[in-house]
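Engineer: Below, each chain spelled out in residue letters.
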Amino acid sequence: MAKVMLDVKELTTKYITRFNEDVYAVDRVSFQVEEGKSLGIAGESGCGKSTLALSLMGYYFAPLRYMSGSIKIDGREITSMKPDDARRSVLGAEIAYIPQAAMNALNPTQKIIRFIEDVIQAHDTSKTRKDIRDMARQRFEALNLPADVLDKHAVELSGGMKQRTVIAISTILSPKVLIADEPSSALDVTSQKMVIKMIFDLMRDGFIRSMIFITHELPLLYNVTDDIAVMYAGQFVEVGPAEQTVFDPIHPYSRGLMRSIIVPEAGAREQKLEAIPGTPPNLKKPPAGCRFAQRCKFASPQCRATEAAFTTIGGGRGYRCVYPEERLREVYAHA
Amino acid sequence: MPDIMMNGAAGRDHVGELCLSGKGVTKVYGMGARRTVAVDHVDFEFRKGEVISIVGESGSGKTTLVKMLLALTSVTEGDIYFMGGKRDITTRQKKHDYWRGIQAIFQDPFSSYNIFHKIDAVLLDCINMRGGKGFSKEKKTEMMSEACKFVNLEFKELTNKYPFELSGGQMQRLMIARIFLLQPRILLADEPTSMIDACSRATILDMLLNLRAEIGMTIIFVTHDIGLAYYVSDTVYIMERGRFVEFGGADDVILRPSAEYTRRLIQDVPKIHEPWDFTKRSPRAVLT
Numbered sequence: 028m029a030k031v032m033l034d035v036k037e038l039t040t041k042y043i044t045r046f047n048e049d050v051y052a053v054d055r056v057s058f059q060v061e062e063g064k065s066l067g068i069a070g071e072s073g074c075g076k077s078t079l080a081l082s083l084m085g086y087y088f089a090p091l092r093y094m095s096g097s098i099k100i101d102g103r104e105i106t107s108m109k110p111d112d113a114r115r116s117v118l119g120a121e122i123a124y125i126p127q128a129a130m131n132a133l134n135p136t137q138k139i140i141r142f143i144e145d146v147i148q149a150h151d152t153s154k155t156r157k158d159i160r161d162m163a164r165q166r167f168e169a170l171n172l173p174a175d176v177l178d179k180h181a182v183e184l185s186g187g188m189k190q191r192t193v194i195a196i197s198t199i200l201s202p203k204v205l206i207a208d209e210p211s212s213a214l215d216v217t218s219q220k221m222v223i224k225m226i227f228d229l230m231r232d233g234f235i236r237s238m239i240f241i242t243h244e245l246p247l248l249y250n251v252t253d254d255i256a257v258m259y260a261g262q263f264v265e266v267g268p269a270e271q272t273v274f275d276p277i278h279p280y281s282r283g284l285m286r287s288i289i290v291p292e293a294g295a296r297e298q299k300l301e302a303i304p305g306t307p308p309n310l311k312k313p314p315a316g317c318r319f320a321q322r323c324k325f326a327s328p329q330c331r332a333t334e335a336a337f338t339t340i341g342g343g344r345g346y347r348c349v350y351p352e353e354r355l356r357e358v359y360a361h362a
Numbered sequence: 010m011p012d013i014m015m016n017g018a019a020g021r022d023h024v025g026e027l028c029l030s031g032k033g034v035t036k037v038y039g040m041g042a043r044r045t046v047a048v049d050h051v052d053f054e055f056r057k058g059e060v061i062s063i064v065g066e067s068g069s070g071k072t073t074l075v076k077m078l079l080a081l082t083s084v085t086e087g088d089i090y091f092m093g094g095k096r097d098i099t100t101r102q103k104k105h106d107y108w109r110g111i112q113a114i115f116q117d118p119f120s121s122y123n124i125f126h127k128i129d130a131v132l133l134d135c136i137n138m139r140g141g142k143g144f145s146k147e148k149k150t151e152m153m154s155e156a157c158k159f160v161n162l163e164f165k166e167l168t169n170k171y172p173f174e175l176s177g178g179q180m181q182r183l184m185i186a187r188i189f190l191l192q193p194r195i196l197l198a199d200e201p202t203s204m205i206d207a208c209s210r211a212t213i214l215d216m217l218l219n220l221r222a223e224i225g226m227t228i229i230f231v232t233h234d235i236g237l238a239y240y241v242s243d244t245v246y247i248m249e250r251g252r253f254v255e256f257g258g259a260d261d262v263i264l265r266p267s268a269e270y271t272r273r274l275i276q277d278v279p280k281i282h283e284p285w286d287f288t289k290r291s292p293r294a295v296l297t
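Those protein sequence lines, which keep their order, are chains Y and S. Reading the first sequence from the start, the letters are residues 28 to 362 in this note's numbering. Reading the second sequence from the start, the letters are residues 10 to 297 in this note's numbering.
Do not take every clue at face value.
Pulled a few chain Y residues facing chain S out of the computed Cβ check, cut under 10 Å [stated by the list, open to error]:
#1 Val273
#2 Phe274
#3 Gly294
#4 Ala295
#5 Glu301
#6 Ala302
#7 Pro308
#8 Gln329
#9 Arg331
#10 Glu334
#11 Phe337
Simulated from the structure, these hints should not be mistaken for laboratory data. The C-beta atom is built at its ideal place from N, Cα and C for all residues, glycine as well.
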């Protein structure tokens with residue numbers, strides 16, 4: 028078995044609002060990502076995907092608060108660290124994060140090389156500016172990015188180029204885990220493809236050793252990641268290999284999501300898109316039983332009363348539903 | 010109500026006479042060395058009840074074309090024809106009359122509303138604009154409830170609320186409720202679903218297409234999502250650098266593209282049943 032790069036067990040984090048209300052945005056989430064593998068996280072807006080990403084970095088600044096569970100990066104526990112220590116020793120070197128609007132993060136008054144100097148010197152003060160420039164040049168060439176970008180300002184770059192530059196900057200220290208939070212959703216398809224190619228190159232060349240890819244674009248997730256986790260109201264409701272999760276989902280929510288996929292392929296027009304009625308529950312007061320029960324067309328009174336446990340089945344798959352898999356499949360067959 | 014999702018051949022049955030067309034429409038920004046031709050002599054014909062998609066990458070001129078169609082910017086050259094005659098927006102009143110026939114939904118629902126107006130006021134405005142100023146209060150409330158019901162919102166829960174208290178998907182649905190009340194002849198939807206997730210996207214598309222069936226409206230989608238264009242449209246126009254490089258029935262353009270640019274655009278979209286360049290897995294058989 029390959030080495031486990033990221034091992035998360037029963038992680039629970041919450042936001043505390045200014046009215047002192049608790050919002051349980053990540054609730055008992057467990058998963059593992061092995062070396063050389065990638066995990067995709069899918070789900071609706073507001074289901075806790077981005078909060079999970081922030082939580083994984085040990086970056087607990089108000090209003091986000093760590094509650095329980097463990098996060099091990101290559102065997103090293105990071106939940107017991109202070110946020111500032113985590114930022115110094117974990118962020119960048121162990122785990123890198125690309126936020127959704129990463130390309131807007133570049134200070135317009137600085138040249139690209141300055142950001143790279145910042146990142147490297149924050150972790151290793153012994154490096155000279157020349158060392159850093161050589162290192163940056165080598166990395167940019169390996170990733171097929173023109174090296175003259177280093178001496179340009181952000182405004183001189185196109186959207187897609189800016190995004191790729193930010194990815195190159197954030198992975199300059201070869202982190203063990205890369206968290207990409209919707210890295211291509213602001214780009215058009217051609218730039219998106221180049222960003223994905225670059226992420227694949229990073230993985231192939233060993234500059235990153237595992238990846239978490241967050242998006243609500245399921246066709247993209249299907250093509251990019253090895254495994255897919257479907258998140259709903261702060262919980263993982265299904266985890267499994269990408270192919271099976273997309274084509275043979277077990278959980279009713281995953282099934283609903285997969286039916287909302289639109290792709291320009293023959294036969295796609297004849298398919299009826301299925302929207303899941305309703306909206307996700309308010310996480311200030313999560314419902315007592317299964318969190319999806321209110322919107323699930325297969326729900327029974329039992330679902331609203333009993334909290335569903337996460338059941339693991341063979342082949343790396345698991346789901347969170349009151350019903351056993353056979354029963355769900357039977358229900359789907361008659362739906 | 011007909012099953013509008015099957016809008017391939019079936020959808021074209023209720024396509025009627027010409028409602029919006031253009032000849033040699035051009036927009037030039039700047040002059041001298043900074044002269045940029047954003048839209049370059051485009052011709053188009055949109056018919057009543059038709060769903061049209063204009064697809065192109067960022068910077069291809071889609072939004073400039075939308076602005077010209079909405080009379081938000083001037084046309085440098087060429088003519089736009091509306092409901093059989095040349096479009097006349099020479100006076101403020103004529104422009105207002107034109108806007109009664111053509112309405113828009115924009116990409117960002119968060120910046121589409123006046124933050125000082127409550128939801129009731131937003132909807133009341135639409136009723137007044139359609140000549141309902143003299144209606145009784147009960148009648149207006151009934152109309153607003155009906156519009157909200159159409160988009161699966163509960164009017165009672167929305168009264169006295171501001172648009173920013175809603176989620177992105179709800180705001181976009183409220184935008185459709187406005188269209189339901191305004192009943193324009195043409196709806197321009199500029200990337201209406203690009204800021205909301207895939208699940209709410211299905212709901213929004215469903216509602217827009219229901220609305221077309223209900224009031225026989227023409228819908229023009231402007232998008233870079235070629236999958237969405239294929240799914241909803243009768244006719245697809247592909248735009249590159251200010252020109253239409255290809256147009257025709259959705260099946261012809263998407264499944265049998267003739268322009269190199271269209272082929273490349275389709276190739277770049279991640280797919281699940283057909284191969285994609287960087288896919289980690291072999292493609293599965295086409296849907297059965």
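Engineer: Any hints from earlier that this structure breaks? Give me their numbers in increasing order, please.
Structural biologist: 7, 8, 9, 10, 11
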